[in-house]
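Could you build the full structure based on these sequences and the hints that come with them?
Sequences listed follow chains X and G, in order. Each residue of the first sequence is one higher than the one before, counting from 163 in the working numbering. Each residue of the second sequence is one higher than the one before, counting from 163 in the working numbering.
Simulated from the structure, these hints should not be mistaken for lab results. Among the hints, erroneous ones may be present.
To give an idea of the chain X side of the interface with chain G (calculated C-beta under 8 Å), a few residues [to be verified]: (1) His199; (2) Pro233; (3) Leu251; (4) Asn254; (5) Leu277; (6) Ala356; (7) Ala388; (8) Ser457.
In this text, all values refer to a predicted model and were calculated from it rather than measured experimentally. Even glycine gets a Cβ: it sits at the ideal position worked out from N, Cα and C.
2 protein chains.
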Amino acid sequence: MIVEVIAVGTELLLGQIVNTNAGFIGSMLAERGFDAHFHQTVGDNLERMVEAIDTASRRADAVIITGGIGPTQDDITREALAAATGRELVFNDDYADRLRKWWSSRGATMPENNLRQATHPAGSELMINPRGSAPGIALEHEGTSLFCVPGVPAEMEFLVVNEVLPRLARLAGTDQAIASRLIRTWGRSESGVAEALDDLYEATNPSIAFLASASEIKVRVTAKAATVKEAMALIEPVELEVRARLGDSVFGVDDETIERVLLDLLAEREYTIGTAESVTGGMVTARLTDLPGSSAVVKGGLIAYDSQLKQDLLGVEDISRVVEETAAKQMADGARELLGVDIAVALTGSAGPTPLEKPPGTIVIAVATPEDTRAREIKYTGDRERVRVFATTAALHLTRLAILGRWWNG
Amino acid sequence: MIVEVIAVGTELLLGQIVNTNAGFIGSMLAERGFDAHFHQTVGDNLERMVEAIDTASRRADAVIITGGIGPTQDDITREALAAATGRELVFNDDYADRLRKWWSSRGATMPENNLRQATHPAGSELMINPRGSAPGIALEHEGTSLFCVPGVPAEMEFLVVNEVLPRLARLAGTDQAIASRLIRTWGRSESGVAEALDDLYEATNPSIAFLASASEIKVRVTAKAATVKEAMALIEPVELEVRARLGDSVFGVDDETIERVLLDLLAEREYTIGTAESVTGGMVTARLTDLPGSSAVVKGGLIAYDSQLKQDLLGVEDISRVVEETAAKQMADGARELLGVDIAVALTGSAGPTPLEKPPGTIVIAVATPEDTRAREIKYTGDRERVRVFATTAALHLTRLAILGRWWNG
Chain X
163 MIVEVIAVGT ELLLGQIVNT NAGFIGSMLA ERGFDAHFHQ TVGDNLERMV
213 EAIDTASRRA DAVIITGGIG PTQDDITREA LAAATGRELV FNDDYADRLR
263 KWWSSRGATM PENNLRQATH PAGSELMINP RGSAPGIALE HEGTSLFCVP
313 GVPAEMEFLV VNEVLPRLAR LAGTDQAIAS RLIRTWGRSE SGVAEALDDL
363 YEATNPSIAF LASASEIKVR VTAKAATVKE AMALIEPVEL EVRARLGDSV
413 FGVDDETIER VLLDLLAERE YTIGTAESVT GGMVTARLTD LPGSSAVVKG
463 GLIAYDSQLK QDLLGVEDIS RVVEETAAKQ MADGARELLG VDIAVALTGS
513 AGPTPLEKPP GTIVIAVATP EDTRAREIKY TGDRERVRVF ATTAALHLTR
563 LAILGRWWNG
Chain G
163 MIVEVIAVGT ELLLGQIVNT NAGFIGSMLA ERGFDAHFHQ TVGDNLERMV
213 EAIDTASRRA DAVIITGGIG PTQDDITREA LAAATGRELV FNDDYADRLR
263 KWWSSRGATM PENNLRQATH PAGSELMINP RGSAPGIALE HEGTSLFCVP
313 GVPAEMEFLV VNEVLPRLAR LAGTDQAIAS RLIRTWGRSE SGVAEALDDL
363 YEATNPSIAF LASASEIKVR VTAKAATVKE AMALIEPVEL EVRARLGDSV
413 FGVDDETIER VLLDLLAERE YTIGTAESVT GGMVTARLTD LPGSSAVVKG
463 GLIAYDSQLK QDLLGVEDIS RVVEETAAKQ MADGARELLG VDIAVALTGS
513 AGPTPLEKPP GTIVIAVATP EDTRAREIKY TGDRERVRVF ATTAALHLTR
563 LAILGRWWNG
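Spelled out as structure tokens, the structure:
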């Protein structure tokens, strides 16, 4: 079953907001074995929205349209869906009542423009959205299933997971199963990973693909079979071979992000962790605390952006030379003491664009464990944001390696 | 001149990486007055890539294809471009030499698969990419200009800005100018903003549109005229009217993010700033240090994720009740002292999913200035990530308001 995603909004075309919705819907579809061949993005323009819906309806079994069903005047997905399917818009009195109650339960008066959300194409069904005021719309038209969901991510996610996907599964009946495994690596280049797996790439079932995100390279192994179990059985030997060839670079699979892997390792060893960040300004700790339950092992961190704080609170001796392994080690050791933690990771460096002691992109990361304190200088290319993101990821990986008694020499 | 963007990569369809490239290219095109009506995303599949290129070529004057020109075997944009334009792929000896030198200058041996990057459709031109090994490709075909750039953001950005946009400008000659102004607000709901501007929405030149990102609502005013100057003159009275109606909610325009506005305000007042973060784990300080030059005013922060650190290092008295205005104020006051800063912002709360003292989504933000210390409890809905992002944004806004001697009562 082929499903196409259409994201609606001039602000997406203009790049004022990033289209994360298409990716979310794509991942949900892939997980459940639906194929997506195309995503489209179209602005808030009736004629072009109709063109996008027509194109998608022609080549897909189902179409999910996200965005353009809010209360404001530029939200015209309802109108476009009606035009594309040759239907009238009808007004739903029940839903209008529901909207008025939703607002009054919050002690507020409904702006009148919200009533636009009670209109929908004749013959379509409203899908209740408990996270917001715009309902989703489901419509069968000439053999294609059309779904509209809001553009606000939390509302879109709720309706896709709870309404759209179950409807698609019912429509699909028992279909061919697809399974995939994402093998996560860090420390090798994309072309290095690809070359190591060159011959495996020829196979079509399972097939393999590479994806680079920040400095992590992921290898996706995908198989099709009658059941998910059979598809997984096809994947298993390929996964073992990939692991054998990539060795220490592999740190996790599927949704095992480095944050997840590191937090689990800390919990398993009964270690607490703290940070001393300069160049990354809190990004490492923010990622460590992204996950629920991180408070069991993460105690906190000192962001010593200013050099004097490095000396006063962390005990760095020579603050005229802070982009050095010595300074990074003193920061890590100082953080262990100040925060009372078992493991401390410290980052210092020059993110740019102005050089600080060394050229922009020079980062020094140190990890202190109960056994020892190690440091490593790394040079990154690219702009300030890229350097900070890559350094943050490297810090998490080096912390994991140090706890395991290993280190990175790439 | 109409330009269409095609992002290539099965990983985009599967949602394994987010399509930020289309947004970047879209914003660059909009800035220079080019219209984008559609973006497409297509997987690493030859037939469907050809379909996407055909569709875009039919309805746009120029097409920018991003992704699929790397060294690995699933990078087949070169082949798709050749197939869509009925051309052979040719091998470029000069570029192959350049690739070998690029690798040897880094003291490494080139993996042989990199040579695929030296092939391109006959009659096309290679665009040199100093940030990576894959060159861009420029090709004129039956009245449409086709450009391929890498999918790696830093490489894509370089080639779009330095190669593609100048070529498009030459092709367009003198065209109609477009100008737009983004008016940034915080503290009102999207429908509240829309209702306040209801009648302004009817106009077509300038036209207005709303966009919500996290808790900020932006109003975009766009005008077309013979010159950018004339278009800006059309925008000016509309901007004044929008500002008059939205009052204190307006904090900046265009690329004046709250980080930029806040850092400028701090510099103007000669204030330094520090943070005490719990629930946001470093996110506020990470955003404050995103911008180059932030070290002039940002000294650092204490991430007191663990309650004991709130007491030991910040002087919070009762750590059995940390999600309270009293605790937040003590954190802010404690941070002012510990870090030796003029302004301190503190955040504590319950991000979820597990409740901490109060229901998930309860956040308390305090700001200490040389004059006073204010606190505010806010309740957010949504998941952990949403709560942390909204709280981070609110902290930056409340800090700005406190420095200005104002506060938020929404």
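Against the structure, the hints come out as follows:
Here the hint on His199(X) is kept, as its CB sits about 5 Å from the closest CB of chain G, short of 8 Å. Hint status for Pro233(X): holds, given a least beta-carbon distance of 5 Å to chain G, under 8 Å. Because the beta carbon of Leu251(X) sits about 19 Å from the nearest beta carbon in chain G, more than 8 Å, this interface hint is broken. At its closest, the beta carbon of Asn254(X) sits 19 Å from a beta carbon of chain G; the interface hint therefore is violated under the 8 Å criterion.
A least Cβ separation of about 11 Å between Leu277(X) and chain G goes past the 8 Å threshold, and the interface hint is therefore violated. Among the interface hints, the one on Ala356(X) holds; its C-beta lies about 4 Å from the nearest C-beta in chain G, closer than the 8 Å criterion. Given hint, Ala388(X) at the interface with chain G, is violated; its Cβ is 22 Å from that chain's nearest Cβ, farther than 8 Å. Proximity of Ser457(X) to chain G holds as hinted, the smallest CB-CB distance being about 6 Å (cut-off 8 Å).
Of the numbered hints given earlier, the model fails hints 3, 4, 5 and 7; all others are met.
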